[in-house]
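All chains, please: the whole structure from these sequences, using the hints.
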Amino acid sequence: MPIHDQSYRRYGGLKTSPGRAWSVIARAGIMTMIRKRAFMGLMLFAWLPFVVRAVQIYVAANYPQTETLLAPDAKMFRDFLEQQDFFVFVMTIYVGAGLIAQDRRANALQIYLSKPLMRAEYIAGKAAVLFTFLMLVTWVPGILLLFLQVMFKGSFEFLKANLFLFPAITVGALLEALLATFTMLALSSLSKSSRYVGILYSGILFFTAAIYGAMLAITGDTSLSWLSVSSNLHQIVDLIFRQTPRYATPWQVSLIVVLGLIALSISVLERRVRGVEIVT
Amino acid sequence: MNDERKATTAGTGLLTDQAPARPLPPAPGFLTACLRIFDLSISEMLWSKRTVFMLLIVGAPVLIALFIRALVSLGAPVLEGPGGVRMTGPAIFGMMIWIFYLRFTIPVLGVFYGTSLIADEVEDKTITYLFTRPVRRSAVLVGKYLAYLGCTVFVVLPSVMLVYLLIVPIRGSLGGSFLDLLKDLSLLALGLAVYGALFAFIGAKYKRPLLIGLIFIFGYEQAALAFPGYMKYYTIAYYLQALVPHAMPNDGALSLIQNIFRETPSLLTSVVSLFGIWLVFLALAGWVIERKEYVLEQ
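Chains A and B, in that order, give the protein sequences. Numbering follows numbering that gives the first Met the number 0, with no gaps: position 255 of the first sequence is 254. Numbering follows numbering that gives the first Met the number 0, with no gaps: position 108 of the second sequence is 107.
Keep in mind that the hints were calculated from the coordinates and are not lab data. One should not assume that every hint holds.
Just so you have them, the derived chain A footprint on chain B, three or more residues with Cβ under 8 Å [unchecked claim]: (1) 49-62; (2) 87-97; (3) 102-111; (4) 212-221.
Calculated from the model, a selection of chain B residues having no Cβ within reach of chain A, i.e. all distances over 10 Å [claimed, not checked]: (5) S42; (6) A118; (7) P168; (8) L209; (9) P248.
Cβ atoms here follow ideal geometry from the backbone N, Cα and C, with glycine treated the same way.
Right, here's the structure in full:
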């Protein structure tokens, strides 16, 4: 072919079927995070409560005299998931704040969306990065604890009596991870600065909790817990684990708030993630 | 050729003799440099997107106060506290100072602004322009820190004043709790100064200052205050909370535990410690920025 021929040439490579491109973004994002030493340190730190609970289960299974104090029950699994809230918060900011904000900052969104990649795939790929790590610090250790209980005790007795724990841990962790993922992605799409996104996310979490705290202190009534994002999640997860709900707010209201937040986040993402930015 | 060169040289020599080069003006002193950076930064800070965030944070308590005031004016029984105890305006004001300002607004604004003093310039790749000016690097930091202080103090304190004017007259008197208001305003300004200095250091030193800051205020400080022992001595909140003239509210399990293990250092200890923390971290921030090489990512 003469060197001056600049005419169009057809792509000769393999074509992946549509709807699978998100996995490329997800894989690249996950690998980028795994290569960071500080992130792996944080991940190990997030697994410390798992080690503590594993020791508790081991001691309760092997020393009957401690069973009354340390025996695992549904509440222990619920408490474990609640303890992971702090790590979920830190990980959400560490991993999620820059997911879309950095692409917007580098004007990479236009490049991404000029490829054979749908907007939904881009969002799914970015969401998968954060979602994977959040499930790694909530669902995976929770299920492993359940497995360890069976292994240390050497019987399926506990599992049979508490069979609901498997779906409870799954649904609880899923709800927590989905809420954190979508809110963070929506915020990340609103700004070009990942630091601003991080502070906005913390602001939403802690400020809504502060508003509820003030209302609780004034009225002494917990029925306004729907004002706090984290309280809504606690209320629903308590119910999933068959525990007495800690607030007077009906669980349906809490569920509506959580689902509403996810829907709002998806709507924000739909508006903000566009290949062409129209400047008026 | 040689004659030509001589003529030019001679000509140049003549010109030099007639108009000597203007001597370079001396570099501004540390204080003048600080004030110039302050002047440059204050308008940038005030008219930026982050001011919207700050206004939301300080505006929400005012809106809540307005809402409570409106409900009370309409006769709604919103002040029937726990156990049928009727709450007074000054008690609600004290509680709002604790929950909104002391536990949330002051540390969060400190983290947000303090960490971005230098990190913003690094992120925008504009730090080179500041560092190539004939001013000391630490003057850049101190000037920006003063701009942060001016910006936040003049937004947060008016918000506290508005909440005070709206809430305290409900079964209370403005005159009766005026002294408490002055104490509140002073301690909030002190809090902004100390948190700002700490996070200015963290922002100058570390690559991910926001995450470290958030872990410090929402993780370490909260946990340290809930444990007995010496850990709480290494927090800012411990000394700042000792200056609050209002009772600590019990608005959650963590507050309850913190109340159980709460120790109140003396006024002198608190003020001296806060001053010490402020001085040490501001000096450290200046020291770090004088020595650190900031690598701008491409």
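Structure-based check of all given hints:
no., hint, result
1, 49-62, "holds (count 5)"
2, 87-97, "holds (count 3)"
3, 102-111, "holds (count 5)"
4, 212-221, "holds (count 4)"
5, S42, "19 Å, holds"
6, A118, "7 Å, violated"
7, P168, "16 Å, holds"
8, L209, "5 Å, violated"
9, P248, "4 Å, violated"
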